[in-house]
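Novice: For the record, the sequence lines run as chains A and B. Sequential numbering of the first sequence, starting at 1, is according to the working numbering. Sequential numbering of the second sequence, starting at 1, is according to the working numbering.
Mixed in with the good hints there might be a few duds.
On the chain B side, residues computed to face chain A include the following (Cβ under 7 Å) [unchecked claim]:
| no. | residue |
| --- | --- |
| 1 | Ser37 |
| 2 | Ile43 |
| 3 | Thr156 |
Here are the computed distance ranges between Cβ atoms for each label pair [what the hints assert, rightly or not]:
| no. | chain 1 | residue 1 | chain 2 | residue 2 | range |
| --- | --- | --- | --- | --- | --- |
| 4 | A | Ala142 | B | Gln20 | 44 to 50 Å |
| 5 | A | Leu370 | B | Thr40 | 18 to 24 Å |
| 6 | B | Arg148 | A | Asn95 | 37 to 43 Å |
| 7 | A | Asp126 | B | Gln20 | 24 to 30 Å |
| 8 | A | Gly228 | B | Leu10 | 24 to 30 Å |
| 9 | B | Tyr59 | A | Arg47 | 35 to 41 Å |
| 10 | A | Ile375 | B | Met1 | 22 to 28 Å |
| 11 | A | His93 | B | Arg111 | 49 to 55 Å |
| 12 | B | Thr40 | A | Leu146 | 39 to 45 Å |
Which bits of chain A does chain B cover? Going by a derived footprint, with three or more residues having C-beta under 8 Å, they are [what the hints assert, rightly or not]:
| no. | segment |
| --- | --- |
| 13 | 85-99 |
| 14 | 136-148 |
The hints are simulated quantities; they were obtained by calculation from the structure and are not laboratory data. In this text the structure is predicted, and so the values were computed from the model without any measurement. Glycine included, every Cβ here is placed at the ideal spot set by N, Cα and C.
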Amino acid sequence: MDALYSIDWYLILTSLAKTVVVLGIVLFMVSYTVYAERRVSALIQDRLGPNRVGFPLTLIGAKKDFSPILGGLGQPIADAVKLLLKEDFTPAHVNKFYYWIAPALGIGSVIVSLAVIPFGSSFLGDKMVIANVNIGPLFIFAFSSLGVYGIVLAGWSSNSKYPFLGGIRSSSQMISYELALGLSVIPLFIILGTLNLSDIVDYQVRNGWLLIPFTNGHLDFRKILLWGPIAISFVVFTISMFAETNRLPFDMPECETELVGGYHTEYSSMKFALFFLGEYAAMIAGSSLIVTLFLGGWHCPFIPDGTGAGGWEALHVIPAWIWGLVNIGVFFGKVGLLLLFFIWVRWTLPRFRYDQLMRLGWIFFFEIALVNVFITAFIVALLPN
Amino acid sequence: MAYTVPRPKLTFWEKLYLPQVVGGLVITWGHLVKMLSGKTKVIMQYPEEKWDASMPPYYRGAPALVKDEKGRERCVACQLCEFICPPRAIRILPGELPADSKWVKVEKFPREFDIDMTRCIYCGMCEEVCPEQAIFLRKDYAITGFSRDQMVHDKTKLYEIGGTLEGLVFKWNPLK
């Protein structure tokens, strides 16, 4: 019995609990991001979108329950049931082994990369991050670039022309964008001096969010000077993140109109759903990284953290664990807003042509990110903290 | 001859691309807000609301047989519609009127009259070709069924859709 109170068991049990919570929240968010995608796209195009499968009337068979706002909230459940019950068809001409392993690679790498995101301050004295490692962003970049293997293998093993083209496009797109993605955040690490995502958030709590530097209540000359490079790296990083997660305007591997679905053309049922899930989970992981790096992570001004420190004095009467939960809510709220932005951009911009995308990646973003590193280094050398 | 498509001259701001992206985002945001505030009205909740009231008189819906005001069937089973039908959706089995019938001069009536609605293309040629004005395209458009058999309209169903149409029909006129 004493063994259960040892530090090992404590770590194992808390990590398991946190993993279950994060996985639950992310999968829930994925299903409702798909719903939001359909609703927002519909509203932008002057339609309504799914507005019938609602709670609880359609569950018991009532039919006339469409409503402009609440109807349709049951749609993700209906979609999930449909995808689970569909026939799982494997075409005869595919390479079975890689065909089966590709969807697992696609979603597995994304879910692993969620482990290092600090999704809350602390709750009952435990830091709200599954793995508090010192190489956070590198870990995420490594695993999100593994995700491209899922797409490439799917495209190749399908043994069909359109998926193959999708896979090829995906691989070259990843190469050209990961450079800019990695380079664009180097200025942040020059300023912060750490690669630990929890420390990065702590720095932003103390010194103001990187992109909105006045959230801690004061501005100085150094901050204003550094804001320029940070804004540039935010723009480059966000756009690279669009490319990294295969979102429009960079959804070259998928390309419904040209490649009839690209790499997942030959997939059906739950295997297709895994790709779908992986794509949206990658969006959530990317948004989480953007929120953590640029937008202060779980921090919201005036609200104390999970140990009851900081924020307004008047709020300290409320127990600290409540603020721990609020911080988690704030984090996923920020991620949700960013996801809405992803969706909004998707339904605004047309897809880039392939050569335009290459030009943007290699000629503009790579150089901008590189120059940005030197500008930041110059400023930091000139005005050391 | 080769034709060069003239490329538009872009200004500096247009070449930067990002301001144009913001402009696009503003437009889509406008649509979103107008939709949410209910200013855009382009939607009809289909099965609950229908557009039957605004349907034009020349609308070509499901073909149907009609009876005259005395309840007699107009069709004389001449089979012209069966022959003209481009997708061959109509099948008629003619029958002979009994010799002691008052209307024996009409000679034939349709014993069976089937229209396969999975084949019908709503072209209206049957209506045009009919010499007795017996077949008409009505305004029914939601033709559904759970099987192919249910999608075949037989005589009873066709008269049910068609109903009665008044007006002069030559064959029932004893003087002609």
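Novice: Residue count check for the segment 136-148 of chain A against chain B: does it reach three with CB-CB under 8 Å?
Specialist: Result for this restraint: violated, n = 0.
Novice: Could you see if the CB distance from His93(A) to Arg111(B) stays within 49 to 55 Å?
Specialist: For Arg111(B) against His93(A), whose Cβ atoms are near 53 Å apart, the range 49 to 55 Å holds.
Novice: Using the Cβ atoms, figure out if Thr40(B) sits within 39 to 45 Å of Leu146(A).
Specialist: Holds, since Thr40(B) and Leu146(A) (Cβ atoms, about 44 Å apart) stay within the stated range.
Novice: Cβ-Cβ distance between Asp126(A) and Gln20(B): within 24 to 30 Å?
Specialist: violated, 47 Å
Novice: CB of Ile375(A) to CB of Met1(B), is that within 22 to 28 Å?
Specialist: Violated - the Cβ-Cβ distance for Ile375(A) and Met1(B), about 51 Å, lies outside 22 to 28 Å.
Novice: Falls inside 37 to 43 Å, the C-beta gap from Arg148(B) to Asn95(A)?
Specialist: holds, 39 Å
Novice: Take the C-beta atom of Tyr59(B) and the C-beta atom of Arg47(A), compute their distance, and say whether it sits inside 35 to 41 Å.
Specialist: Violated - the Cβ-Cβ distance for Tyr59(B) and Arg47(A), about 25 Å, lies outside 35 to 41 Å.
Novice: Holds or violated: 44 to 50 Å for the Cβ distance of Ala142(A) and Gln20(B)?
Specialist: Violated - the Cβ-Cβ distance for Ala142(A) and Gln20(B), about 35 Å, lies outside 44 to 50 Å.
Novice: Okay, Gly228(A) versus Leu10(B) on CB: inside 24 to 30 Å?
Specialist: Holds, since Gly228(A) and Leu10(B) (Cβ atoms, about 26 Å apart) stay within the stated range.
Novice: Tell me if the interface restraint on Ser37(B) is satisfied: Cβ within less than 7 Å of some Cβ in chain A.
Specialist: violated, 11 Å
Novice: Given Ile43(B) was flagged as interface, is its beta-carbon under 7 Å from a beta-carbon of chain A?
Specialist: The hint holds - Ile43(B) has a Cβ within 7 Å of chain A, the shortest such distance being about 6 Å.
Novice: That 18 to 24 Å hint for Leu370(A) and Thr40(B) (C-beta), does it hold up?
Specialist: violated, 46 Å
Against the hints set out earlier in the document, violations occur for numbers 1, 3, 4, 5, 7, 9, 10, 13 and 14.
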